[in-house]
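**Q** Generate the whole structure from the sequences, applying the supplied hints.
For the sequence shown, UniProt numbering assigns the number 1 to the initial residue and increments by one for each residue that follows.
By construction, these hints were calculated from the structure, which means they are not laboratory data. There could be a bad hint or two in this list.
Simulated crosslink set (SDA-like; lysine to any residue; CA at most 20 Å straight-line) [to be verified]: (1) Lys111 x Ala93; (2) Lys54 x Glu66; (3) Lys111 x Leu92; (4) Lys24 x Ala12; (5) Lys51 x Ala41; (6) Lys24 x Ala36; (7) Lys54 x Val65; (8) Lys54 x Arg42; (9) Lys111 x Ala122; (10) Lys111 x Ser121; (11) Lys97 x Glu113; (12) Lys111 x Lys123; (13) Lys97 x Ala85; (14) Lys24 x Thr34; (15) Lys54 x Val43; (16) Lys51 x Ala35; (17) Lys24 x Ala35; (18) Lys106 x Glu117; (19) Lys106 x Ala96; (20) Lys51 x Ala40; (21) Lys54 x Ala38; (22) Lys24 x Thr13; (23) Lys24 x Ala40.
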Amino acid sequence: SRAAATATAVAATAAEEEAAGAAKAAEERAAAETAATAEAARVAEEEAATKASKEAAAAAEAARVEEEAAAAAQAAEAQAAEEEAAAEAARLAAEAKAARAAEEAKRAAEKEEAAAEATESAKVPEEASPEGSPPGDAEPPASAPLIDF
Numbered sequence: 001s002r003a004a005a006t007a008t009a010v011a012a013t014a015a016e017e018e019a020a021g022a023a024k025a026a027e028e029r030a031a032a033e034t035a036a037t038a039e040a041a042r043v044a045e046e047e048a049a050t051k052a053s054k055e056a057a058a059a060a061e062a063a064r065v066e067e068e069a070a071a072a073a074q075a076a077e078a079q080a081a082e083e084e085a086a087a088e089a090a091r092l093a094a095e096a097k098a099a100r101a102a103e104e105a106k107r108a109a110e111k112e113e114a115a116a117e118a119t120e121s122a123k124v125p126e127e128a129s130p131e132g133s134p135p136g137d138a139e140p141p142a143s144a145p146l147i148d149f
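**A** What follows is the structure in structure tokens.
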């Protein structure tokens, strides 16, 4: 029965070694799975961080573009207001110039009319001319207006 005991001991040792091998293999599998899970988590975290960073950069760029567009719109609005004011000033200046020209034309017409009247009143009929002087040389009447050209 010694042989049986030895056989049992050998079988027990073999079973122990097999169990130890299985435990070691299970431990190695668990370690490998843990490492793979950790690597997958790291990659996922890195991808999420990259995505978040890209989204933040895109949002910042969109905000910058929006700000630039708002500034450009404000500048265009200011320029339009400035141009409108300049056009209004030019219109007012043209109106004033036209009014001055009309006033000057009116004064010139009045002077011309007065000159024509003075010339008419200065003409004296031939009988009224003093002896020896040609007709029209008579002095204008005292009531004739003095015209300043």
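**Q** None of the hints should be skipped; say for each whether it holds.
**A** How the hints compare with the structure:
| no. | hint | verdict |
| --- | --- | --- |
| 1 | Lys111 x Ala93 | violated (27 Å) |
| 2 | Lys54 x Glu66 | holds (18 Å) |
| 3 | Lys111 x Leu92 | violated (28 Å) |
| 4 | Lys24 x Ala12 | holds (18 Å) |
| 5 | Lys51 x Ala41 | holds (15 Å) |
| 6 | Lys24 x Ala36 | holds (18 Å) |
| 7 | Lys54 x Val65 | holds (16 Å) |
| 8 | Lys54 x Arg42 | holds (18 Å) |
| 9 | Lys111 x Ala122 | holds (16 Å) |
| 10 | Lys111 x Ser121 | holds (15 Å) |
| 11 | Lys97 x Glu113 | violated (24 Å) |
| 12 | Lys111 x Lys123 | holds (18 Å) |
| 13 | Lys97 x Ala85 | holds (18 Å) |
| 14 | Lys24 x Thr34 | holds (15 Å) |
| 15 | Lys54 x Val43 | holds (16 Å) |
| 16 | Lys51 x Ala35 | violated (24 Å) |
| 17 | Lys24 x Ala35 | holds (16 Å) |
| 18 | Lys106 x Glu117 | holds (16 Å) |
| 19 | Lys106 x Ala96 | holds (15 Å) |
| 20 | Lys51 x Ala40 | holds (16 Å) |
| 21 | Lys54 x Ala38 | violated (24 Å) |
| 22 | Lys24 x Thr13 | holds (16 Å) |
| 23 | Lys24 x Ala40 | violated (24 Å) |
In terms of the numbered hints stated before, the structure departs from hints 1, 3, 11, 16, 21 and 23, listed from lowest to highest.
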